[in-house]
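Participant: This is what each chain is made of:
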Amino acid sequence: MAGASVIDSYVGELDGRLRGPAAAKADLLAEARDSLDDAAERHRDHGLSAEEAERRAVEEFGPLTAVVPGYQGELAAAHAATMLRTLMVLIPLTNVVWELNRMFWIGPWPSFPGTPTPAWYKVVSQANGYVPWVITAGAAGSLLVGRLLSRRGVGGMALGRLAAAVAVTCVGFAIVLNLAVITGTAVLDAPRLLMPAPVMAATLLFYVVFFRVGLLAKRCLALSAV
Amino acid sequence: MKSDALRGHLDALLLATLDGGALHGYAIIEALQRRSGGALDLPTGTVYPALRRLERAGHVASEWSTVAGRRRRTYRLTGAGQRALSDERAAWREFTVAIEGVLGGGPWPEQA
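Chains as they are written, first to last, in the working numbering: chain W, 1 to 226; chain B, 1001 to 1112.
It should be emphasised that the hints constitute simulated quantities derived from the structure, not laboratory data.
Glycine is no exception: its CB is placed at the ideal position from the N, C-alpha and C atoms.
Some hints could be false.
[Claimed, not checked] These stretches of chain W come out as covered by chain B in the derived footprint (C-beta under 8 Å, 3 or more residues):
{"hint": "1", "region": "51-64"}
{"hint": "2", "region": "69-79"}
{"hint": "3", "region": "161-174"}
Could you build all of it, start to finish, from the sequences and the hints given here?
Facilitator: Following this line, the structure appears as structure tokens:
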């Protein structure tokens, strides 16, 4: 970086080594930059030249190998918190959208033709109905556990991996139960699966959200492994 | 004093520097150096992620504000942070009394 100051170069290298949410990263880098400027100003006040003061400030800040893991951990934690909040809000919201569509376009589910509803189907469909709320509670609980683990000194990288595991488990669980209901319905009354287009679209929305959360979890793992 | 020796105590030290009131990051580092007579020698770049971790833990809260004409992120202790600091101080006193009892006071008399 021709013409860049020692601090500019250092902050630029730190920027290049960190990955994560843009706003959180900009915030961390702005604070690091402020700290380096403060330190350089102090050294200038003690008689060092501008360049030597910046060099000293950068030395005190620490080599990138010592500094990057802590910063990267915070970015991983920030991403993990966003992912869990997404899970906590989007899944129940999508469920409400689906249920409203179902009530408007289909109404109460009719009985299966010629056969009483099997007990296993009741269990699976009821469990499928509870899943969004279980996921919401799981995500909220994970945010709380993250805070408690932070109090015990657990770093952002470990929290990121934990959050990714929670998200993947929640989404996996939801997909398995949803597919179980679809399969069960196909066995008992296949034509019922041909739902009105708005309900089909709401079902598709569920899978879009699952896919989105899956991508967030994948990124969470990547950010926690740097 | 090297950073390895400080790692286990860094959270408590940071909380202690905020006991007197809100400070921005570099002022926290200066306070640590001043209160330790310059003995606390750790890369300043490791302090900021530690402050953010304390914020995640709910022990400190922070906000951007203008200090001496410049925008800086300022940290303050929360109620939970105050309680954590009290616990850390009590644990530290207990620890130093126990260690002083064993290591302090010079060589032990020979056992008969």
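Participant: Just pull the numbers of the violated hints for me, sorted ascending.
Facilitator: Violated: hint 3 alone.
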